[in-house]
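Peer 1: Same order as they appear, the protein sequences are chains A and B.
According to my numbering, the residues represented by the first sequence are 1 to 358, in order.
According to my numbering, the residues represented by the second sequence are 1 to 273, in order.
Check each hint, because a few of them may be wrong.
[Stated by the list, open to error] Computed list of lysine to aspartate or glutamate pairs in EDC-like fashion (alpha-carbon distance at most 20 Å, straight line):
(1) A:K129 to A:E145
(2) B:K165 to A:E5
(3) A:K14 to B:E76
(4) A:K10 to B:D142
(5) B:K165 to A:D100
(6) A:K10 to B:E146
(7) A:K14 to B:E207
(8) B:K254 to B:E218
(9) B:K248 to B:E76
In case anyone wonders, no lab produced these hints; they're calculated from the structure.
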Amino acid sequence: MFYREAGQYKTNYKDDLATFPILQDRIAIGIYLVIAFVAIPIFGNDFFINSMMIPFLIFTLAAIGLNILTGYTGQLSLGTGAFMGVGAYACYKMTTIFPDINIIILVVLSGVFSAGIGAIFGLPSLRIKGFYLVVTTLAAQFFLEWCFIRIPWLYNYNISGAIEVPQREIMGVIITGASASPTARYLVVLSVVVVMTWIASNIIQGRIGRSWMMIRDMDIAAELMGVRPLQAKLSAFAVSSFYCGVAGAMMVFFWLGAAEVESFDVNQSFRILFMVVLGGLGSLVGCYMGAAFIWMLPIMITIAPSIFGLDINAATVEHINFMMIGGLIIFFLIMEPHGLARLWSLAKQKLRVWPFPY
Amino acid sequence: MNAHVNQNSVSAIDNIAKGDVLLQVDNISLSFGGVKAITDISFDIRKGEIRAIIGPNGAGKTSMLNVINGFYHPQEGTISFMGQQRTKMRPYVAASQGISRTFQNVALFSGMSTLDNIMAGRCLKMHKSFFWQIFRHGPALDEEIEHRKVVEDIIEFLEIEHIRKDPVGALPYGLQKRVELARALAAEPILLLLDEPMAGMNLEEKEDMSRFIIEVNEQFGTTIALIEHDMGVVMDLADRVVVLDYGKKIADGKPAEVQADQNVIDAYLGVAH
């Protein structure tokens, strides 16, 4: 009803090329940001911030990474977990070697290592496509997992084989380690995710993003229009792995506090892939929706009985949880195979012309 | 008229006078395993003309186009474009030299809007680095807007303003063909290859498309090579026609000459043995 673009005229191309050309969308984004940056830190309790919001944002970032590769460039990958691991281990090593450098800079730098590794494992994509590429990225997954176990230098010869996050602070506020407050960690994660979402949206709308989508939709025609497959595919692998690497580093440093190789196994890759598929391939909003669906909904279902005062056996709740999530995934994918983001945009399209849809 | 559409960064093209040879194909042979697709074909395309390539199904017409823009590498023979002989070449190199094409089965980027599809045609003209792309303000956005203006000129020229923002997958076939032509034009080609631009169209759409092809040729001076099965269209549009059959050239000349050629008549109608 209130979602209308009537009367909003664009008189130059700059306005027409804006990321959110509709006024109501810009207002909505503003409201979301105020809620995320102000309301949640003030009103959210530790459980909500630590167990729901922080992992939700981190998984969103990883999902954006995979979506750049799979949704925008059309290259399937099952190596997401390993690329997150590269980021985490790189960040851990760098904090050991350069203890005085600002931790946020190190987190972003660790993405660079991940990008490099990602580009190397992206090389097969020049010759093979589809499911065959999945198998080679799976090889990357297993190879890197092996490295995380067998190269003790990566975890500083720690006997437990785990990486443990040292305490670091910025401007007197502790943001990593056991004594960091959830709110401080949340705000750091949120800032990084918001900035990186903005950057992803910029790249996708520009020349480089267009060349990725050209490769995805029709690689022969893309090559004919002057896109070099080598550059386009490897840049997609690099940017995608960069995002995954930063997500992995943040996962260890701002959420888990310590991690072993199990945090970056193939299940993690699958989880991110489900988020992307369910949220919507080729959509940034979809990454947020998919991450919220896969991560937050199960937690809400688990705590729902205690909120309503029902006394149900924890194991029963767990089983109901699996059934409901599985059922909902099937339901949503049958209703809209292009994911939640498509449902969202269809709803907006309907609202735009309501109540006269002709 | 559209001054910036016609501007071409390649200056070598200015050295070639209208009517001189732009593309020379010499003794090209191409085979896939034991199948000979093209045998010993030679012809030329002159600057500013509309050159038709015709022949029955399987004559090797599309293979010929694929050789010209670098998808296939012929086993024998040479091709020279703008006086430069070339060996094995990737399609994107051909694109950067100014060869652009449309496809027999529409090969649009189906997940993108009409506007983005046509913008995609300009990707060789856009150079702002990754660093600026990250911000999408300043230089990268200026570049985007500058190219958007060119694209809007092409949209106006081909009369597709109303579908500017629509996803191309949902467009009717005739319009898809037109968007594909727009995309090819956005690259400001020196040589435009059209593979059956009128296949599957009704009479009105064919008339529109013919009009656009002639206008492109006359206004922008673009050299056009087209494959087409509709003989009426070919005879009206083309300056010269080359006829292929079973991978061999059987006739070459002005439409009227080709039409009267006994070999051509035999190829199309069959001949009693």
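Peer 1: Does E146 of chain B lie within 20 Å of K10 of chain A when you go C-alpha to C-alpha?
Peer 2: 17 Å, holds
Peer 1: Run the distance test for K165 of chain B versus D100 of chain A: straight-line Cα separation, threshold 20 Å.
Peer 2: 51 Å, violated
Peer 1: Hint check: K14 of chain A vs E207 of chain B, CA-CA at most 20 Å. Holds or violated?
Peer 2: 36 Å, violated
Peer 1: Can you confirm whether the C-alpha distance between K254 of chain B and E218 of chain B stays at or below 20 Å?
Peer 2: Cα-Cα ~19 Å, so holds.
Peer 1: Does the alpha-carbon distance linking K129 of chain A and E145 of chain A stay inside the 20 Å limit?
Peer 2: It is violated: about 23 Å lies between the C-alpha atoms, which goes past 20 Å.
Peer 1: Measure nothing beyond the straight line between the CA atoms of K14 of chain A and E76 of chain B; if it is 20 Å or shorter, mark the hint as holding.
Peer 2: Distance of about 51 Å is beyond 20 Å: violated.
Peer 1: Given the hinted pair K248 of chain B and E76 of chain B, is their Cα-Cα distance within 20 Å?
Peer 2: Holds: K248 of chain B and E76 of chain B sit about 14 Å apart, inside 20 Å.
Peer 1: For a C-alpha distance cap of 20 Å, please report whether K10 of chain A and D142 of chain B respect it.
Peer 2: With a Cα-Cα distance of about 17 Å, the restraint between K10 of chain A and D142 of chain B holds, given a limit of 20 Å.
Peer 1: Would you check the hint for K165 of chain B and E5 of chain A, treating anything up to 20 Å between C-alpha atoms as holding?
Peer 2: 15 Å, holds
The earlier numbered hints that this structure contradicts are 1, 3, 5 and 7.
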